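Novice: Model the full assembly from the supplied sequences, consistent with the hints where possible.
From first to last, the protein sequence lines stand for chains R and A. One gets the working numbering by counting positions in the first sequence from 1 and adding 439 to each. One gets the working numbering by counting positions in the second sequence from 1 and adding 439 to each.
Possibly wrong hints are sitting among the right ones.
Since the list gives no way to pick out one identical chain from another, each pair is judged satisfied if it fits inside one copy or across any two copies.
Unchecked claim - The calculated lysine-lysine pairs, modelled on DSSO-like cross-linking and capped at a C-alpha distance of 30 Å, are:
no.: 1; residue 1: Lys682; residue 2: Lys565
no.: 2; residue 1: Lys576; residue 2: Lys565
no.: 3; residue 1: Lys682; residue 2: Lys789
no.: 4; residue 1: Lys595; residue 2: Lys576
no.: 5; residue 1: Lys789; residue 2: Lys627
no.: 6; residue 1: Lys565; residue 2: Lys804
no.: 7; residue 1: Lys576; residue 2: Lys789
no.: 8; residue 1: Lys595; residue 2: Lys458
no.: 9; residue 1: Lys627; residue 2: Lys458
no.: 10; residue 1: Lys565; residue 2: Lys627
Since the hints were derived computationally from the structure, they do not count as laboratory data. Keep in mind the model is a prediction, meaning the values are calculated, not measured.
Now for the letters of each chain:
2 protein chains.
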Amino acid sequence: MLPRPAEIIIPSPENLVIKTAGYAAASGTTPLAPFSFDRRDPGAYDVQIEILFCGVCHSDLHTARAEWGGTMFPIVPGHEIVGRVVRVGDHVGTFREGDLVGVGCMVDSCQSCSACAEGEEQYCEKGMVGTYNGIEKETGSPTRGGYSERIVVNEKFVLRIPDGMDPAGAAPLLCAGITTYSPLRHWKVGPGQKVGVVGLGGLGHMGVKLAHAMGAHVVLFTTSPDKRDDALRLGADEVVVSKDEEAMAAHAGTFHFILNTVAAAHNLDAFLTLLRRDGTMTLVGAPAHPHPSPGVFNLIMQRRSLAGSLIGGIAETQEMLDFCAAHGIVSDIEIIPIQQINEAYDRMEKGDVRYRFVIDLASLKREVAAAA
Amino acid sequence: MLPRPAEIIIPSPENLVIKTAGYAAASGTTPLAPFSFDRRDPGAYDVQIEILFCGVCHSDLHTARAEWGGTMFPIVPGHEIVGRVVRVGDHVGTFREGDLVGVGCMVDSCQSCSACAEGEEQYCEKGMVGTYNGIEKETGSPTRGGYSERIVVNEKFVLRIPDGMDPAGAAPLLCAGITTYSPLRHWKVGPGQKVGVVGLGGLGHMGVKLAHAMGAHVVLFTTSPDKRDDALRLGADEVVVSKDEEAMAAHAGTFHFILNTVAAAHNLDAFLTLLRRDGTMTLVGAPAHPHPSPGVFNLIMQRRSLAGSLIGGIAETQEMLDFCAAHGIVSDIEIIPIQQINEAYDRMEKGDVRYRFVIDLASLKREVAAAA
Numbered sequence: 440m441l442p443r444p445a446e447i448i449i450p451s452p453e454n455l456v457i458k459t460a461g462y463a464a465a466s467g468t469t470p471l472a473p474f475s476f477d478r479r480d481p482g483a484y485d486v487q488i489e490i491l492f493c494g495v496c497h498s499d500l501h502t503a504r505a506e507w508g509g510t511m512f513p514i515v516p517g518h519e520i521v522g523r524v525v526r527v528g529d530h531v532g533t534f535r536e537g538d539l540v541g542v543g544c545m546v547d548s549c550q551s552c553s554a555c556a557e558g559e560e561q562y563c564e565k566g567m568v569g570t571y572n573g574i575e576k577e578t579g580s581p582t583r584g585g586y587s588e589r590i591v592v593n594e595k596f597v598l599r600i601p602d603g604m605d606p607a608g609a610a611p612l613l614c615a616g617i618t619t620y621s622p623l624r625h626w627k628v629g630p631g632q633k634v635g636v637v638g639l640g641g642l643g644h645m646g647v648k649l650a651h652a653m654g655a656h657v658v659l660f661t662t663s664p665d666k667r668d669d670a671l672r673l674g675a676d677e678v679v680v681s682k683d684e685e686a687m688a689a690h691a692g693t694f695h696f697i698l699n700t701v702a703a704a705h706n707l708d709a710f711l712t713l714l715r716r717d718g719t720m721t722l723v724g725a726p727a728h729p730h731p732s733p734g735v736f737n738l739i740m741q742r743r744s745l746a747g748s749l750i751g752g753i754a755e756t757q758e759m760l761d762f763c764a765a766h767g768i769v770s771d772i773e774i775i776p777i778q779q780i781n782e783a784y785d786r787m788e789k790g791d792v793r794y795r796f797v798i799d800l801a802s803l804k805r806e807v808a809a810a811a
Numbered sequence: 440m441l442p443r444p445a446e447i448i449i450p451s452p453e454n455l456v457i458k459t460a461g462y463a464a465a466s467g468t469t470p471l472a473p474f475s476f477d478r479r480d481p482g483a484y485d486v487q488i489e490i491l492f493c494g495v496c497h498s499d500l501h502t503a504r505a506e507w508g509g510t511m512f513p514i515v516p517g518h519e520i521v522g523r524v525v526r527v528g529d530h531v532g533t534f535r536e537g538d539l540v541g542v543g544c545m546v547d548s549c550q551s552c553s554a555c556a557e558g559e560e561q562y563c564e565k566g567m568v569g570t571y572n573g574i575e576k577e578t579g580s581p582t583r584g585g586y587s588e589r590i591v592v593n594e595k596f597v598l599r600i601p602d603g604m605d606p607a608g609a610a611p612l613l614c615a616g617i618t619t620y621s622p623l624r625h626w627k628v629g630p631g632q633k634v635g636v637v638g639l640g641g642l643g644h645m646g647v648k649l650a651h652a653m654g655a656h657v658v659l660f661t662t663s664p665d666k667r668d669d670a671l672r673l674g675a676d677e678v679v680v681s682k683d684e685e686a687m688a689a690h691a692g693t694f695h696f697i698l699n700t701v702a703a704a705h706n707l708d709a710f711l712t713l714l715r716r717d718g719t720m721t722l723v724g725a726p727a728h729p730h731p732s733p734g735v736f737n738l739i740m741q742r743r744s745l746a747g748s749l750i751g752g753i754a755e756t757q758e759m760l761d762f763c764a765a766h767g768i769v770s771d772i773e774i775i776p777i778q779q780i781n782e783a784y785d786r787m788e789k790g791d792v793r794y795r796f797v798i799d800l801a802s803l804k805r806e807v808a809a810a811a
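Specialist: This is how it looks when you write it as structure tokens:
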């Protein structure tokens with residue numbers, strides 16, 4: 440068991456009253472380590488959730504290592520949260536004690552701008568409040584994520600995990616699932632369409648499952664020939680090794696939509712040229728370094744679009760969870776104790792996970808109990 | 440008068456029978472000079488047009504100087520053609536002698552693929568045949584453009600110039616007009632929308648006129664503060680000097696659509712960040728060197744799109760001409776004799792034209808008559 444370093448325990452304002460154990464990075468070059476902090480007492484519209492599982496997203500790593508800039512340390516990552524409701528505020532109508540619920544990338548937004556009014560809280564014009572590395576309106580303190588025992592969230596940002604869904608496999612749906620579901624829906628993917636998914640990682644494996652369930656003909660692009668069998672098992676109709684120029688050329692101009700999940704800089708033109716007229720490639724991975732500039736002619740010649748997409752709204756996230764339940768979809772995961780989070784980051788960085796690490800927070804409970 | 444160099448007169452296959460004078464570049468580093476070639480005798484579905492005016496497009500310069508690669512020399516540029524029908528094939532039903540007509544960037548396409556079937560011949564899956572630097576199916580010879588006395592074109596690729604429209608001012612509509620009209624229509628620009636036009640050149644000044652006529656609130660972005668009055672006169676509601684960071688920031692996140700007409704590499708992020716949620720910036724200028732790579736976060740954060748668009752279909756080009764006639768729109772032009780084409784290229788390259796050079800082909804007729 441790791442010692443809990445006293446120097447990264449921050450003082451608690453008086454209105455933060457629930458002592459909570461978690462794991463935090465103290466700086467961009469420090470491993471994650473035990474960290475104690477306070478959660479606010481649930482307000483009238485809040486739900487208190489004891490966390491059971493939390494998925495490990497590439498964004499966690501980018502943020503913990505300050506690769507995107509703007510990280511407020513100490514940072515408690517984690518925004519693929521599944522847990523059990525243990526307490527609800529007086530005016531909470533949707534949830535009650537014992538419910539199995541989820542929390543994704545957001546815990547708040549202005550709830551009054553046009554984006555919020557249209558159920559697109561992720562694009563809130565005032566800025567949505569991230570589940571970690573945001574500022575909690577109720578306390579003015581940084582938000583802290585799901586690498587922790589519990590979380591307190593306004594019920595509007597709490598999702599219901601459908602009955603019978605595996606709670607550990609459900610966790611990554613809260614980010615990887617909605618991040619791929621939302622653009623597939625927005626660009627109207629369905630039967631009769633040829634859809635590409637670039638990259639078979641945490642996002643990509645969800646993209647394959649979801650696009651397949653939506654009825655599209657799915658082609659998975661990967662640089663790893665050894666992922667072929669997995670991709671076919673997950674629902675891909677075809678697998679193309681993207682370094683194989685001949686195989687790529689055979690697909691030129693044929694895709695209605697390409698979901699690009701790769702979070703490392705790469706040649707976008709190789710995929711843009713695969714789009715048919717009016718096709719769109721949507722980026723959901725945000726690399727730390729820019730992609731080589733895409734060729735303007737490749738956009739002009741078939742009126743192609745290069746777009747981006749950020750997670751999805753709360754209502755759409757619930758729709759995604761229900762869609763997954765109806766189609767028997769969860770994430771393919773490897774469960775780890777929280778004490779292995781730093782090794783998991785190293786493996787994730789090398790692409791050595793099929794396809795998402797999920798922290799079993801029982802490991803944290805045991806650590807806390809042993810320390811008590 | 441320039442001598443007609445014998446060495447760039449190419450031999451004529453037997454089925455090319457109409458001697459035609461024009462101006463050609465013999466190489467990417469040679470000024471345009473008189474050049475004699477043959478046009479095919481009109482077939483049953485062809486229209487023979489005596490050219491009155493031809494606009495001077497940036498593509499002419501890029502192609503003549505081989506800046507995009509792939510130029511077949513000698514090259515006779517020109518794809519903003521207005522002329523008078525002097526002869527029609529036996530099965531031509533749409534046009535007759537004396538009609539004032541136009542020819543734009545295409546003179547043929549496969550006419551059977553889905554793009555052609557949907558009236559998007561510019562995106563023909565077999566490749567449309569350019570008015571110059573293409574291969575004429577009837578003869579196997581390179582197509583030659585409007586810097587010439589006459590042209591022979593299948594009637595399906597001939598446009599009707601509306602009654603009362605100035606033929607010289609109409610010429611640039613055949614490329615600059617449709618290149619800006621088509622994306623404005625495709626992305627559904629209209630009343631209640633805030634639309635940006637980047638660059639006030641041949642394309643940009645048409646974009647301002649057309650977006651204004653469509654009822655949008657139009658903001659013109661320019662690097663030249665001295666174009667402000669012109670932009671307002673042309674129909675812009677606001678003018679922003681794009682180097683003024685404060686003025687740019689005031690428009691952040693507010694545009695439904697931005698039409699980017701600049702054909703030189705520049706910072707796309709400065710404009711992408713001005714788009715609101717689900718906004719699109721469409722590139723219609725193709726720079727010889729790539730733009731700096733746009734930031735992925737700028738696409739992701741408001742689900743923005745970066746797109747391209749190529750001219751427009753034949754039916755849409757006729758629609759554009761009729762729209763322009765209904766709104767009293769033609770291009771702002773400076774008429775030149777063909778003997779000044781090289782000086783015009785030099786001036787165009789410096790942005791020294793308001794806003795399109797148009798060649799008066801009477802100057803070529805006089806030259807031919809004098810040489811006879």
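Novice: Against this structure, judge whether each hint is valid.
Specialist: Results of checking the hints against the structure:
Taking CA atoms no more than 30 Å apart as the test, Lys682 paired with Lys565 passes between copies only; the shortest distance there is 26 Å, against 42 Å inside one copy. Taking identical chains as interchangeable, the C-alpha atoms of Lys576 and Lys565 lie at most 30 Å apart only when both belong to the same chain, with a minimum of 12 Å there against 58 Å between chains. In this assembly of identical chains, the alpha carbons of Lys682 and Lys789 lie at most 30 Å apart only when taken from the same copy (18 Å versus 42 Å across copies). Taking identical chains as interchangeable, the C-alpha atoms of Lys595 and Lys576 lie at most 30 Å apart only when both belong to the same chain, with a minimum of 14 Å there against 63 Å between chains.
In this homomeric assembly, Lys789 and Lys627 never come within 30 Å of each other (Cα to Cα): the closest approach is 33 Å inside a single copy and 44 Å across copies. In the homo-oligomer, the alpha carbons of Lys565 and Lys804 never lie at most 30 Å apart, since the shortest distance is 36 Å inside one protomer and 64 Å across protomers. Within a single copy, Lys576 and Lys789 get their C-alpha atoms no closer than 37 Å, and across copies no closer than 53 Å, so neither meets the 30 Å cut-off. For the identical chains of this complex, Lys595 and Lys458 are intra-copy neighbours only, at 24 Å inside a copy versus 77 Å across copies, given an alpha-carbon limit of 30 Å.
When the C-alpha separation of Lys627 and Lys458 is checked against a cutoff of 30 Å, the pair qualifies neither within a copy, at 45 Å, nor between copies, at 54 Å. For the identical chains of this complex, Lys565 and Lys627 are neighbours both inside a copy (28 Å) and across copies (27 Å), given an alpha-carbon limit of 30 Å.
Hint violations for this structure: numbers 5, 6, 7, 9, all remaining hints satisfied.
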